[in-house]
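Can you join these two chains into the complex? Each is in its own frame, and there are hints to help.
Chains as they are written, first to last, in the working numbering: chain S, 1 to 425; chain X, 1 to 301.
Honestly, the hints are just simulated from the structure, not real lab data. Watch out, some of these pointers could steer you wrong.
Here are the in silico distance ranges between beta carbons for each label pair [said to hold, decoys possible]: (1) X:102 / S:181: 37 to 47 Å; (2) S:267 / X:98: 30 to 40 Å; (3) S:209 / X:120: 35 to 45 Å; (4) X:282 / S:193: 21 to 31 Å; (5) S:204 / X:275: 22 to 32 Å; (6) S:403 / X:282: 44 to 54 Å.
If you're wondering where the values come from, they're calculated on a predicted model, not measured in any experiment. Note that beta-carbon positions come from the ideal geometry of N, C-alpha and C, so glycine has one too.
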Amino acid sequence: MTNENTTKKIAGRGRLPRRDVLALAGAGVAASMPLFARTARAAQPIKLGWVGPLSPPGGYAEGILMKDAAAMAADAINAKGGVLGRKIEIIYQDTRGLPASGTAAAERLIVQDKVAALFGEFHSAVALAEMEVVHKYNVPFLACDVWSQEITAKGYPQVFRNSTTFPLLDTMIGEWMVAAGFKNVALLAEQDDIGLAGRKIAAEVLTKNKIPFKLYTADPTATDFTAQIIRLKAQKPPFDFFFILYAEAGAYPMVRESHSLGFAPTPHTGIFLSGGDGVDPTFWKNVGKAGVGLLCENVGLPKSGWNNKTKAFVAVFKGKYKTDPPGAAMESYDAVWSLAEAIKNTGSTAPGAIIHGLETLHWVGTRGLYTFSMSHTPAWAYHQFMAAPATILQYDQENQSSFDAPIVWPRKFATVPYLYKTPTA
Amino acid sequence: MLDYILIQAANGLVIGVMFALIATGLTIIFSILKIVNFAHGEIYMMGGYFGYYVITLLGVPPFPAVLVAMAITFLFSIGLERGLLTPLYSPRIERKADYGILITFGLSVFLRNIAIILFGPFPLRPPSFIEGSLAVFGGLMISYDRLVAAGGGLLLLVALIWFLNRTVWGQALNAVSQSRESASIVGINSERMYMLAFGVGGALAGGAGALIAPIYSLSPSMGLVPDTQAFVIVILGGLGSVSGTIIAALLLGISQNLFIALLPDPSRGPSYANAFGLFIMMLVLLFRPTGIFGRHAVAMD
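Only chain X is shown next, with the shape it has when bound in the complex (with noise of 0.2 Å):
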């Protein structure tokens, strides 16, 4: 039983540094930018797409091919940013916050379905990174695309923390989270930050798309699911919390693999997951509204 539990956390782990590091993008879009992204998930499944047509057309190796889907993912991100968002920085707009829900929604359901007129409809699937299963416990068993999905997520979530606290950009990211005026002040180009955050955040995303393709396969809409997981992860860390963040991803990835290995009834886990997840937020924000690391202020300006 004991080794039924330990490969039922394992695997709780490995989703858990998947979820974070979708969610850890959209927590840090949402702590500079105030707005929610509601095409989040589409652009997870942009990234995912990059990383196969590097691999398939361009013979990168899975590998470097992330990283290579990254900066698409990171440029793409931008050039959305650069199109789509800047009359939110304009005193032009009034409801700012309004104007950010309805153009990312509705950028979402464009890029869903584009995707399905330049992608195709049917789910495709890149090779794996490491063919095959680790015997880890007992003769139970987790495949390499998962372990190397979750250190390569790892990798990722240690560099981003490293760059959020140790480089220029960071910081300044940071003091435009905290407080834009002031940031002004002491000379830092908030719209150059904002430029910035969504590529970061859009780039992760895409670095988790490519990550995750050969294990859940790429289709128009996967980024539905992971999106709203997404959404009840940075809200049970704490809006605009990267290391809160991470924890609650880290958190539910657990609890939701070992609810469905322990409920006493086996032949409903699958179909109560996502519920449970959300039972857990309810249950988190009615003793802290603000989430685990959540700040009181967090509307947009």
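The following block holds chain S by itself, in its conformation from the complex (with noise of 0.2 Å):
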């Protein structure tokens, strides 16, 4: 009996019952969730969300270099080992420039794909949109190409901006027809929200200095604007400048006929392109000749000013894609950046982290060293990068690069001794 019992015993050492066995086996799991869990979190992406115009009717041209840039900022930090050991990985929305396209894109983004932050956008007006959204969900919004001063005058906590202006902006323009000493101003704006925005003020810069001035407005979607040049050319006493503040299709038809009817660049009157165009890669086939002479401004830094990360981000973007990044692509690069610092620098994505991250941001890109203001003062000047580069350039070759153009203002960027050059007949 004892033999039998000693021989069960001696059988059964080293055996547990199978209960015990599936009891340990799920302590086991269970205890090493934890691990799993944070190797599964350390592999996962950290999403960030972009929000621009793909398509029309919004500004789909400068959108997609945007959305370019932005691919290219992610690639380079997941090729640096990304941030926090975990790879950026960007969801794009198309908002069309459409406002409620923009707050359906945000609230995707935010709701289903649970994005860290949103960064984008080329429309004041979508932007204002998406703002609500940002604001309503507490998730952080880096703007990037949005210059209506609504933007960071709204003093939402979530809401940054990279890009220049309107007070900025069109104040810098203001200032330098100022200075060049224009006596009777032609002031045509898109018929917009932001059109109006940027007309008003740069209205407050020339009635301030007692600058005579006629303001115009046009439909974005108009394209012949003849009977409206030749009215103009019509103008008793004559115009001395054309200052043309519109993004929209119509601004390149715009400048050639201005060209072709003898109104503007002409040694009599010159002309100002506001909005963009005048940097778009395609800016020199579609105005020829028209375009010497021609002013307009530049978002980026002057190329006098470029950093290192400047001139690499330049040279592989026109590698990659045939052409010179306008200011836009440089802000939506360095808003990839601009976020995963944040993160880096607080080391979580939790929102209130991201948004103290930027608040707090120190960090050269390609388009200088960026901050963002905590002064209210005024109200558009809250989470605004203040130092926004921008400068006026003027065009004295036919298909001369923007890097390459004489900037004529602000006095500290000028690569020449003239503030205005007048053109030749």
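Okay, structure coming up:
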């Protein structure tokens, strides 16, 4: 009996009942779960949502360049190992330049795709709609090429902007017009909230400096301006400067027609195209000789101020897309890096952490040293990149790169001794 | 002042001819197929791009390039008609007008977006027909490109009227537009006429796109506004009436231009020009619900 019992005990040594085995296995799995979860989370990418126009009726041309630049930034960050050991994944949403589409896109990115932050956009009216969504869900939004002061003036803690804004840009252009000595200005803006906002600020500067001017508006869908230009040309006393605030499809025909009708650029009348089309890749293909003497703004760093990141970005972008990157593309590129930097510095993708990371950001990108203002005076300064670069250039040769065109303003960046070169006949 | 009004009227006439070229294509398609082609603006856009690439890739001079672009657009339109619109002729489709609207609307969105991929998002411009401008009245000028576009447009319109009235094919088209059944009785193959009408309508739009390209530049979204204006013109002229469409287009071009030129508040002219066209249309429809030369019965069979 004893022997039997002993034999059973010996036989059973090291063998556990099935129930105990299952319990142990369960405990083991449970104990290892956090480890698996941590590993899985580490492998999960950090999702960022890009919003902007990729199809009509929005500014899809600029939107596509911004998207390409954002993809370049994500690739560069991921090639260096990502952020917090995780890759960056950008989810793109086409907003078509429509506020309703912008709202839907932001909602989808936040609720469905669970992005850590949003960035991008090209149309202020759409950004204003998207802002309401990010504000509701408390998700950070770094707006790029949108210039309406209302965007930051609302004071939403989630909203930042790395581009210039009308008060900065049009004040600069207005001051240049005063310095250049123009005496009678025709100011034509597209008939929407953005064109009218820019026009208002430029008009304020001209009024303050007692420069006579007349205001004109044009439908954003218009492409034929001949009748209007003939009317402008017939104006008495004649205009000596034609300032166009127009970023739609009609911008190039307007410049071309203005030239072929002998209005501007001529020795009597200068011309300024504001809105971004002056530095777009097919500018010269579209305007030809009419572009010589034309002025426009550039919202990237002037070539003389390029840092290593700017040089590297321009070289890679040109190699990949066979065109010079406009300022909007640099803004989009830097936005991804800025968000990555904010996440890295705070060690978290939580909304509050990213917002804090952006508020304390001190990072050099392709457009200089990024910091976001915390001041509410004036209201639009809040979360605005106050040092957003902007220069005025004047083409003096056909097919000239915007990077090589003479810079006439601000004087600290000027590459030529003159403020304005009178176009030849 | 007279010089000023004359130059504005002349420019309006130029624009009117371009409007007419786009709108006559639309009205021919409507009168034969009895559908509103919402993709007409996009076919106009494709014609412009065909012209551009014929010039830049094949080295064809700008004038013959317009004809080549028209030929390509003609074949392209026939392909679209064969591929997408043949169900319209089947008795199995009950709501033909709805089918026509949905399929052409979808086609317009598709063509616009495929153009972004194929041709790129940025505006392109072919070389001018003739560089420079002509001084016409008291130092006022009109560009040669506009004069060429207007002259070319007029030639195409004259050719179209000759084709419709003096050729067997044109008379067959006219017969189908009046009564499909009667045309069938005398041996006219209606389906072949639908194909021809869609091809001719598309070729006219394509020709307009190629003529206008040096003036307005090319972009994937360039068809949106002319499409709307063409609808206004077709309704003004009377749905299905080619002569009414041409007259309405010229009237609209001149009156829109004079509106911009003479509006007492000069700052708002270009903002309200398109709205002015719609206002004229409303006025005409109040007094003549079928348009200037419209027929009374135009619904889909």
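Okay, the hints, checked on the actual structure:
1. X:102 / S:181: 37 to 47 Å: violated, 59 Å
2. S:267 / X:98: 30 to 40 Å: violated, 59 Å
3. S:209 / X:120: 35 to 45 Å: The hinted range 35 to 45 Å holds for residue 209 of chain S and residue 120 of chain X, with Cβ atoms some 42 Å apart.
4. X:282 / S:193: 21 to 31 Å: For residue 282 of chain X and residue 193 of chain S the Cβ distance comes to about 27 Å; the hint holds.
5. S:204 / X:275: 22 to 32 Å: holds, 29 Å
6. S:403 / X:282: 44 to 54 Å: holds, 51 Å
When each numbered hint is compared with the structure, violations occur for hints 1, 2.
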